[in-house]
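Asks: Taking the hints into account, I'd like the entire structure generated from these sequences.
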Amino acid sequence: MVSGTSQSSYDQWWIQLNDPTLTMLVNEALRKNPDVKIAGLRLLESRAQLGIAESLLSPQATIGDGQVVTGGQLHDDRYITSTNYGAGFNLGWEIDFWGKFKRGVESADASYFATLAQYDDIQVLMAAQVAQLYVNIRTLEARLQITRSNAKIQQRSLQITERLFLSGNSAELDVQQARTQYLSTLSSIPQLETSLRQSQNALSVLLARKPGPLPEMVDNTGVLPKGNLALVSELPADLLRRRPDVRVAERQLAAQSALIGVAETELYPSISLIGSVGISARNGGSSTLSWAAGPTFSWNLLDQGRLGNQVLVQDARFLQLHERYRDTVFQAAREVDDAAVAYANDKQEIDLLIQTGQAANRSLEIANTQYREGMADFQRVLDSQRALFNQQERLVNSRGALMRDLITLYKALGGGWEKGRERPLVDKQTDAHLRQRDNWVPLLDAPLPSATSPKEGKQQ
Numbered sequence: 001m002v003s004g005t006s007q008s009s010y011d012q013w014w015i016q017l018n019d020p021t022l023t024m025l026v027n028e029a030l031r032k033n034p035d036v037k038i039a040g041l042r043l044l045e046s047r048a049q050l051g052i053a054e055s056l057l058s059p060q061a062t063i064g065d066g067q068v069v070t071g072g073q074l075h076d077d078r079y080i081t082s083t084n085y086g087a088g089f090n091l092g093w094e095i096d097f098w099g100k101f102k103r104g105v106e107s108a109d110a111s112y113f114a115t116l117a118q119y120d121d122i123q124v125l126m127a128a129q130v131a132q133l134y135v136n137i138r139t140l141e142a143r144l145q146i147t148r149s150n151a152k153i154q155q156r157s158l159q160i161t162e163r164l165f166l167s168g169n170s171a172e173l174d175v176q177q178a179r180t181q182y183l184s185t186l187s188s189i190p191q192l193e194t195s196l197r198q199s200q201n202a203l204s205v206l207l208a209r210k211p212g213p214l215p216e217m218v219d220n221t222g223v224l225p226k227g228n229l230a231l232v233s234e235l236p237a238d239l240l241r242r243r244p245d246v247r248v249a250e251r252q253l254a255a256q257s258a259l260i261g262v263a264e265t266e267l268y269p270s271i272s273l274i275g276s277v278g279i280s281a282r283n284g285g286s287s288t289l290s291w292a293a294g295p296t297f298s299w300n301l302l303d304q305g306r307l308g309n310q311v312l313v314q315d316a317r318f319l320q321l322h323e324r325y326r327d328t329v330f331q332a333a334r335e336v337d338d339a340a341v342a343y344a345n346d347k348q349e350i351d352l353l354i355q356t357g358q359a360a361n362r363s364l365e366i367a368n369t370q371y372r373e374g375m376a377d378f379q380r381v382l383d384s385q386r387a388l389f390n391q392q393e394r395l396v397n398s399r400g401a402l403m404r405d406l407i408t409l410y411k412a413l414g415g416g417w418e419k420g421r422e423r424p425l426v427d428k429q430t431d432a433h434l435r436q437r438d439n440w441v442p443l444l445d446a447p448l449p450s451a452t453s454p455k456e457g458k459q460q
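The opening residue of the sequence shown carries number 1 in our numbering; numbering runs sequentially from there.
Calculated from the structure, these hints are not laboratory results.
From the three backbone atoms N, C-alpha and C, an ideal C-beta is built for every residue, glycine too.
Treat the hints with caution; some may be incorrect.
[As the list claims (entries may be wrong)] Derived DSS-like pairs: lysine-lysine, alpha-carbon spacing no greater than 30 Å straight-line:
no.: 1; residue 1: Lys419; residue 2: Lys210
no.: 2; residue 1: Lys428; residue 2: Lys210
no.: 3; residue 1: Lys210; residue 2: Lys32
no.: 4; residue 1: Lys226; residue 2: Lys347
no.: 5; residue 1: Lys226; residue 2: Lys32
[Stated by the list, open to error] Cβ-Cβ distance ranges computed for the label pairs, FRET-style:
no.: 6; residue 1: Asp438; residue 2: Pro213; range: 42 to 48 Å
no.: 7; residue 1: Ser149; residue 2: Pro213; range: 17 to 23 Å
no.: 8; residue 1: Glu162; residue 2: Ala359; range: 25 to 31 Å
no.: 9; residue 1: Arg334; residue 2: Glu193; range: 34 to 40 Å
no.: 10; residue 1: Leu214; residue 2: Ile52; range: 39 to 45 Å
no.: 11; residue 1: Val223; residue 2: Asn345; range: 21 to 27 Å
no.: 12; residue 1: Arg197; residue 2: Arg372; range: 39 to 45 Å
no.: 13; residue 1: Ile350; residue 2: Gln198; range: 22 to 28 Å
no.: 14; residue 1: Leu312; residue 2: Lys347; range: 50 to 56 Å
no.: 15; residue 1: Glu393; residue 2: Glu162; range: 24 to 30 Å
Replies: So, in structure tokens, the structure goes:
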């Protein structure tokens, strides 16, 4: 598992990989990716939903005025018209005697924080996806370099065997075997180039760019990022609680718990206070003032069966979400353990492959020397070339896997969302467009809760 590394190492874990280009690309994706933007807009929507729920705690008032013209025809064929004018003010307030609206606010508040956790989660996923694709690209670049380098070595061997064959010092079998190995190595290059371009296209799309190679990655071709993370046997519980998907499941559970309370209040009477004041006039004559005030009482007494079953529905949904929450926690622990084990084993494999590669390189040197001196046949050279090529490929693949598993481990630990709380929810263009509508300003200006808040149960 993972040791108690400092909080900052998780906040922007991609910086720990010591690759400025990767850091720049991850930050760009977190600003420009459409999925991140959609998550920000959903958070604004959730803020508005919370405002709706809170408004139900206050009295509801309406103001209106109108003018109605009526007409008719008398028996003597004369037409008459009448104009009625009216204006009024109505006020209503359902007393939250059983906590219906309070529980509704609790549900909306928990839903807001669930949406906030989803916003965090998309940033964790986005940072990991960009980093994984970046490592894939660098790994494929390194594999292409190794393949082309080995193809040149094999081409030189082919040329040597051809000269020896023409001089009568080598059999045609040596020539054909050398040609077979050389062409086989060349044939793997197109597939590697295809995979490289597909990874480049995928990364470009994540950055909201048109598909194609990224000019920022022209330098340091084939150079993999480097990073490290200490491992221990125990997983601190707070590392699981920091995961956004765990917080999503927990807040959804809290929201559903509050909805059970909302459904239960429907079983009881509701009491409201109403009041109205109005003025009316006809054909410009004297006006009439009217008013009304008093309490109202309503109770769905004959609908208790339906309302009782509605409580059961909400309760069943709560139990489902409770099981989903437990499963999310178990899956989170499994993902961390899987990634930690893979990362630790990758490091051991790389250490062994480095030694294996050194041995393979020495074997090729000996085989070439013995072949030139007539002490070994050409098959020894071919076997040594294949062994060296395979070991070089395995080593670069393992180094890529090490970085991918490290990225997966950071993702499993839920790192990478914290700085998102400091970024605007929408880009500058969208922000300017929304601010032209006055109602959006409070939502846009409301700060997000701090990433260090001890409990995300109430909006800050």
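Asks: Look at each hint and say if it fits the structure.
Replies: Here is what the structure says about each hint:
1. Lys419 / Lys210: 27 Å, holds
2. Lys428 / Lys210: 21 Å, holds
3. Lys210 / Lys32: Roughly 13 Å separates the two Cα atoms, so the pair holds.
4. Lys226 / Lys347: 12 Å, holds
5. Lys226 / Lys32: The given pair, whose Cα atoms are some 26 Å apart, holds under the 30 Å limit.
6. Asp438 / Pro213: 42 to 48 Å: Holds: the Cβ-Cβ distance is about 45 Å, inside 42 to 48 Å.
7. Ser149 / Pro213: 17 to 23 Å: 21 Å, holds
8. Glu162 / Ala359: 25 to 31 Å: 29 Å, holds
9. Arg334 / Glu193: 34 to 40 Å: 36 Å, holds
10. Leu214 / Ile52: 39 to 45 Å: 44 Å, holds
11. Val223 / Asn345: 21 to 27 Å: 24 Å, holds
12. Arg197 / Arg372: 39 to 45 Å: 41 Å, holds
13. Ile350 / Gln198: 22 to 28 Å: 26 Å, holds
14. Leu312 / Lys347: 50 to 56 Å: The hinted range 50 to 56 Å holds for Leu312 and Lys347, with Cβ atoms some 53 Å apart.
15. Glu393 / Glu162: 24 to 30 Å: Holds, since Glu393 and Glu162 (Cβ atoms, about 27 Å apart) stay within the stated range.
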